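On the provided structure of chain A, position chain B as indicated by the hints.
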Amino acid sequence: MSVSQRIASDDQLARLLQIGIVLEEVVEARAHHHYQSLDAELDEEIETLLADAAEESAEHRQRLESLIEGLGVDSVPFDEIESLVDARYGRTQPEDFDGILYDQLCNEETAYKFYDDLIEAIEESNAEFTIDRAELLDELRAIREDEAEGVSEVTEVMERR
Amino acid sequence: MNTADQYLKTIYVVQKQEDGPASTGSIADSLGVSPASANEMIGKLEERGLAEHEKYKGVRLTDDGIVRARDALQTYCIIERFLANVLAVEEFRDEARELEAVIDDTVAERLDTIIDRQPECPDCFDPETDACKCLDIAAAPVEPEQ
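Taken in order, these protein sequences are the chains called A and B. Its first residue numbered 1, the first sequence is counted upward by one per residue in full-length UniProt numbering. Its first residue numbered 1, the second sequence is counted upward by one per residue in full-length UniProt numbering.
Source of the hints: derived by calculation from the structure; they are not laboratory data. Heads up, some of the hints might be wrong.
Said to hold, decoys possible - Computed cross-link-like contacts, DMTMM-like style, restricted to lysine to aspartate or glutamate with a CA-CA straight-line distance of at most 20 Å:
1. B:Lys-57 with B:Glu-40
2. A:Lys-113 with B:Asp-5
3. A:Lys-113 with A:Glu-153
4. A:Lys-113 with A:Glu-145
5. B:Lys-16 with B:Glu-54
6. A:Lys-113 with B:Asp-105
7. B:Lys-16 with B:Glu-91
8. B:Lys-44 with B:Asp-94
9. B:Lys-16 with B:Asp-123
10. A:Lys-113 with A:Asp-103
11. A:Lys-113 with B:Asp-123
12. B:Lys-57 with B:Asp-71
13. B:Lys-133 with B:Asp-94
14. A:Lys-113 with B:Asp-112
15. A:Lys-113 with B:Asp-71
16. A:Lys-113 with B:Asp-104
17. A:Lys-113 with A:Asp-138
18. B:Lys-16 with B:Asp-130
As the list claims (entries may be wrong) - Not the full set, but computed from the structure, chain A residues with beta-carbon under 7 Å of chain B:
19. Gln-12
20. Leu-84
21. Thr-110
22. Lys-113
If you're wondering where the values come from, they're calculated on a predicted model, not measured in any experiment. All C-beta atoms, glycine included, are put in the ideal place defined by N, C-alpha and C.
Isolated chain A (complex conformation) (with noise of 0.2 Å):
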């Protein structure tokens, strides 16, 4: 593979797929594990943002696996990603509202971006793939556009605080 060429092959775009599957677990695993640990009364705002965000990250993973399925490949187990995001949380905790709402702006931008350099690897590259391309464009595009949404709620939030 030389310096720049893209996604060439059904394999390579399965890997990325999955890759996005496991930036969604890690969404969805930390938003989980911040939600479960704020006190709800004391903050409802930020507690159905996470909500929100777990509930988001899990219908993304589905349509991601539904993609991978058409081009036979398995998806990644989300309990092992659970329990690798639970051994490493501990270290990386928020300590409060500010670094919970941080962490998420950061899930949520990082997503973005990951799926923006998919779609335009994607774009730029010549190869045909098992599944149809302008519907693997469209649904990748959908959600690049939950992840700007979300980017914008979260910051909407940090800076009314």
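For chain B alone, coordinates are given in the frame of chain A:
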């Protein structure tokens, strides 16, 4: 990781291997590009103050170049560790090279939250095996191309 960062990372590793300036030929070989392409990018890195090229000797990274090269190597290490330790990919080296152009450092940082990277990273990278020394699975030395 963009093309410039891939070059910086490669020059850094070759410099360490050769214990001195990195020859254009070795850089081109490592990246699988022509010497002309390598020369062109080395010129750009020089213009940006990231590398110095001395005729007949080779390329040496500046201090700024070393900082960026180490960041890029760290990103590469994260991708390798993630593929080998989380996804149990046997051909993790080949795949890491394929994926590094598409995986941004912000994405690598998030993947870093689920891998147990060592504090010495990227000094854990072993040019002999072209892999991180702290992987769960042992990496066999890379056979030199005939």
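Verification of the supplied hints:
1. Pair hint Lys-57 of chain B plus Glu-40 of chain B holds up; C-alpha atoms about 17 Å apart against a cutoff of 20 Å.
2. Simply put, Lys-113 of chain A and Asp-5 of chain B have alpha-carbon atoms about 18 Å apart, close enough for the 20 Å limit, and the pair holds.
3. Using a Cα cut-off of 20 Å, the hinted pair Lys-113 of chain A and Glu-153 of chain A holds, with the two alpha carbons roughly 16 Å apart.
4. Taking the CA atoms of Lys-113 of chain A and Glu-145 of chain A, the gap is about 11 Å. The hint holds against a cut of 20 Å.
5. Of the pairs offered as hints, the one joining Lys-16 of chain B and Glu-54 of chain B holds, with about 17 Å between alpha carbons and a cut-off of 20 Å not exceeded.
6. With a C-alpha separation of about 10 Å, the suggested pairing of Lys-113 of chain A with Asp-105 of chain B holds against the 20 Å cut-off.
7. Between Lys-16 of chain B and Glu-91 of chain B the CA atoms are separated by roughly 24 Å; this puts the pair beyond 20 Å, and the hint is violated.
8. This hinted pair does not check out: Lys-44 of chain B and Asp-94 of chain B have alpha carbons roughly 27 Å apart, beyond 20 Å.
9. The hinted pair formed by Lys-16 of chain B and Asp-123 of chain B meets the criterion: a straight-line CA distance of about 11 Å does not exceed 20 Å.
10. Restraint check: the Cα-Cα separation between Lys-113 of chain A and Asp-103 of chain A comes to about 15 Å, which is no more than 20 Å; the hinted pair holds.
11. Proposed proximity of Lys-113 of chain A and Asp-123 of chain B is contradicted: the alpha carbons are some 28 Å apart, above 20 Å.
12. Using a Cα cut-off of 20 Å, the hinted pair Lys-57 of chain B and Asp-71 of chain B is violated, with the two alpha carbons roughly 25 Å apart.
13. Between the alpha carbons of Lys-133 of chain B and Asp-94 of chain B the distance comes to roughly 16 Å, so the proposed pair stays at or under 20 Å and holds.
14. In summary, the hint linking Lys-113 of chain A to Asp-112 of chain B is supported, as the alpha carbons are separated by about 16 Å, within the 20 Å threshold.
15. Taken as a hint, the Lys-113 of chain A and Asp-71 of chain B pair is honoured in the structure, with Cα atoms around 18 Å apart against an allowance of 20 Å.
16. A C-alpha spacing of about 8 Å is found between Lys-113 of chain A and Asp-104 of chain B, which places the hinted pair at or below 20 Å, so the restraint holds.
17. Proposed proximity of Lys-113 of chain A and Asp-138 of chain A is supported: the alpha carbons are some 16 Å apart, at most 20 Å.
18. Annotation: proposed proximity of Lys-16 of chain B to Asp-130 of chain B holds, straight-line Cα distance about 12 Å (limit 20 Å).
19. At a threshold of 7 Å, the smallest CB-CB gap from Gln-12 of chain A to chain B is about 6 Å, leaving the interface hint in force.
20. The interface hint given for Leu-84 of chain A holds, since its Cβ lies 4 Å from the closest Cβ of chain B, which is under the 7 Å cut-off.
21. The restraint placing Thr-110 of chain A at the interface with chain B holds, with a minimum CB-CB distance near 4 Å, inside the 7 Å limit.
22. For Lys-113 of chain A, the suggested interface contact is upheld, since its CB lies about 5 Å from the closest CB of chain B, less than 7 Å.
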